[in-house]
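J.: Listed below, chain by chain, are the residues.
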Amino acid sequence: MADREDLLNRALEGELTPEEERELVSMLEADADFRATFLQLLEQDELVAQELDGSRSADAFLEEMRIRLNDRRGSDYVEDVMRKARRRSRPVRVRWGAWTAVAACLVGALGVAVLLSRRQAGPSPSDGRPRIAEASPGAYILRGGERLTCDRGAVLRKSDEIRTGSDGGVTLAYKGEPTTVRVASDARISIPETEGGKQLGLFSGRIDAQVAPQPEMKPFMVSTPNAIAIVRGTEFNLAVREKQTRLDVIEGLVEFRKQVDTGSLNYKVGAGRYAIAGEGVAFAVLPFDEKPILLQELAAAGRPFRDIEYRDGRVLFEDDFSKGIGKWVVKTRSGKKDRERSATEEHRRCVTADRVRDGDGTIPVMSLDARKTGDTWLLARMKEPIPVRRFVVEVRFRCLQDTNRYWSADMGELTAVFVDGTTQIFQKSRKGELRPLMAGKWAVWRRESVAVAAEDGKIDVHIRAYVNGHLYRWGRERSEFDGPWNCGLSVWGARAHVDRVVLKELVPVGEEK
Amino acid sequence: MDGTEVREAIERVRAGDVEAYGSIVETFQLDARLFAARLGLRGHAVDDLTQEAFLRALEKLGRFDPEGSFPAWLKGIIRNLYRQRLERQAREKRGRQSYLARYLLNRSEHDTGAEDVQERAAALRECLKKISGKASRLVQLKFAEGKKAVEVSTILRMSVGSVTKALSRIRAVLRECVATELRRAAHG
Chain P
1 MADREDLLNR
11 ALEGELTPEE
21 ERELVSMLEA
31 DADFRATFLQ
41 LLEQDELVAQ
51 ELDGSRSADA
61 FLEEMRIRLN
71 DRRGSDYVED
81 VMRKARRRSR
91 PVRVRWGAWT
101 AVAACLVGAL
111 GVAVLLSRRQ
121 AGPSPSDGRP
131 RIAEASPGAY
141 ILRGGERLTC
151 DRGAVLRKSD
161 EIRTGSDGGV
171 TLAYKGEPTT
181 VRVASDARIS
191 IPETEGGKQL
201 GLFSGRIDAQ
211 VAPQPEMKPF
221 MVSTPNAIAI
231 VRGTEFNLAV
241 REKQTRLDVI
251 EGLVEFRKQV
261 DTGSLNYKVG
271 AGRYAIAGEG
281 VAFAVLPFDE
291 KPILLQELAA
301 AGRPFRDIEY
311 RDGRVLFEDD
321 FSKGIGKWVV
331 KTRSGKKDRE
341 RSATEEHRRC
351 VTADRVRDGD
361 GTIPVMSLDA
371 RKTGDTWLLA
381 RMKEPIPVRR
391 FVVEVRFRCL
401 QDTNRYWSAD
411 MGELTAVFVD
421 GTTQIFQKSR
431 KGELRPLMAG
441 KWAVWRRESV
451 AVAAEDGKID
461 VHIRAYVNGH
471 LYRWGRERSE
481 FDGPWNCGLS
491 VWGARAHVDR
501 VVLKELVPVG
511 EEK
Chain R
1 MDGTEVREAI
11 ERVRAGDVEA
21 YGSIVETFQL
31 DARLFAARLG
41 LRGHAVDDLT
51 QEAFLRALEK
61 LGRFDPEGSF
71 PAWLKGIIRN
81 LYRQRLERQA
91 REKRGRQSYL
101 ARYLLNRSEH
111 DTGAEDVQER
121 AAALRECLKK
131 ISGKASRLVQ
141 LKFAEGKKAV
151 EVSTILRMSV
161 GSVTKALSRI
171 RAVLRECVAT
181 ELRRAAHG
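Sequences listed follow chains P and R, in order.
In terms of the numbering used here, the first sequence opens at residue 1 and continues consecutively.
In terms of the numbering used here, the second sequence opens at residue 1 and continues consecutively.
Fair warning: there could be bad hints in the mix.
[Unchecked claim] What the simulated footprint calls covered on chain R by chain P, stretch by stretch (three residues with Cβ under 8 Å from a Cβ of chain P suffice, anywhere in the stretch; the number is not a length):
(1) 117-126
(2) 163-173
[To be verified] No farther apart than 20 Å at their CA atoms in a straight line, the calculated lysine to aspartate or glutamate pairs in the EDC-like style are these:
(3) K148(R) to D53(P)
(4) K258(P) to E279(P)
(5) K134(R) to D53(P)
(6) K147(R) to D6(P)
(7) K148(R) to E13(P)
(8) K323(P) to D354(P)
(9) K147(R) to E15(P)
(10) K372(P) to E345(P)
(11) K129(R) to E176(R)
(12) K129(R) to D53(P)
Hints were generated in silico from the structure; no laboratory data involved.
Ideal Cβ placement from N, Cα and C applies to all residues, glycine included.
Construct the entire structure; sequences and hints are all you get.
T.: The structure is reproduced here in structure tokens:
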């Protein structure tokens, strides 16, 4: 029989065999004190992890929760809740209100005006609405096309717009908290139609805000044409000028989000620093005493993503598999070090050109079927090396397997699972755990990569990776490998169809076309 | 948040203020995550299951009895979600089940954990400050970076057995320290 303490320790490490688990269970069942100790240690390990691992802190948990809720708002989740609400409403009338309320608020957050107006028909709380604390004579409120004076104490409504004249501004305050927003002269702000925490829209001009601590899930948000500032309690200035938004943080921390075609880029801007989102400047966080980075001045190639933005350049490689898979070579990866190896004849037979049904017709694909290759990866690698150090690869694919198997694209950081007719994409954490990203019949994976020489002679590879436009991974990887780079698509134990692969050069925005 | 505040927050959510749910999550996340840990889950799996349970609870808030206990209801959801996951895993692994996971799940119906989670978290925070030197490095590697004992042993140039024993000692010291801190707090 194994030592009790040894069993307990290895159970906490998650290293027990099924037989040892049985043994431990009988010990736990027989001895209440031992069981209490074990449960306490499970809790204690969790508390220590939450305390020391920043990604597991309470703040990180709440932030992830907020993201998951927001993600679901935009998916079938809302429809599903609505459907359940309607179904439930027929036999159980008394619950109809509650279900509809939950559904309505979810949809309301999406900005669906019809449901929102239904909600507003009932009593609505006045909390969270800004009031006029001070106003200069030139300022006025636009409400439904009507021009109203900014009377002190007036409560603003959704869709109201405030315009300040050239001779002064307006100060907004919120009931029950010391938050103030000073709207400077020649500014235009609005109260958005959306639900949630305190929100303002800033079309032009400048605001200086002092924001009292806000609930984690209800931050103070200011939207501009280029960006969103998300605040949980701090002092900052935000200015919109021409096609740029500048955020200056005086105290605390502000999340600054720039909208881009593929989603959004985020920074947390600390005290004494600023960031500009908009045309012509790099989206970067800088100290007050440093000048903005103008993209035109960034002709030097290979600057990291944090300092420079890139656009897709010329197409270097494209394959829609209409002429077969002649541009690809089959390899495998196996062994403890997971090295790439030559493929056997069996491996080669598993990668084929195929035509598959898509909608009403059929489309050509590269099919990778690794269900019979044992514990080895099936790898399709582009024959030609990538001739540049800054590139983006886009792969449209779907996974065809009804069990949890891995689809790995280049970096092995994604897992796709085929469930109920959809390819569901999960992100693999460093600890090998899966976090759901999104689902769809076909998925488009995009990975941007910029390699630059580091000072120590090694190579820094700056990457950004997306699935269906959702940025899920970014950062820097240090490597001794300096190219030529290559593109490989690999599958383990599963079947996948690749519909299209496009490789493009990445060009710094502002660089001569 | 006391019981009345929780009920008020739930009513606000039901009335359409979904953001009020944030304060509920904030209040109960620690208790819920510790409950998931007592089921034998570790690391991000704890957060994943707990977040899913909070979302499920929001979806089903219309069924919640306002006079009931929200944390107890939430733990029931966590338990059900985990049971479904275990069953799914068992199907995929052709019937192979984790005895320990099953046992902890069944046990959780009678044993939902301590109520003084905030106090225990504060006490543990104080106790962690007392760990220094190599032990502190070991704790960092194990809990902050999520490394396995074998990886820690390579980094710290210790045998795996020594790492396991050191971890066991640290766990025992922390447990004792937390108990002492809680006793001290109880006696003012």
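J.: Does each hint hold? Answer for all of them.
T.: Verification of the supplied hints:
no.	hint	in the structure
1	117-126	holds (count 4)
2	163-173	holds (count 4)
3	K148(R) to D53(P)	15 Å, holds
4	K258(P) to E279(P)	11 Å, holds
5	K134(R) to D53(P)	18 Å, holds
6	K147(R) to D6(P)	19 Å, holds
7	K148(R) to E13(P)	8 Å, holds
8	K323(P) to D354(P)	10 Å, holds
9	K147(R) to E15(P)	13 Å, holds
10	K372(P) to E345(P)	12 Å, holds
11	K129(R) to E176(R)	14 Å, holds
12	K129(R) to D53(P)	15 Å, holds
Every hint from the earlier list agrees with this structure, and none is contradicted.
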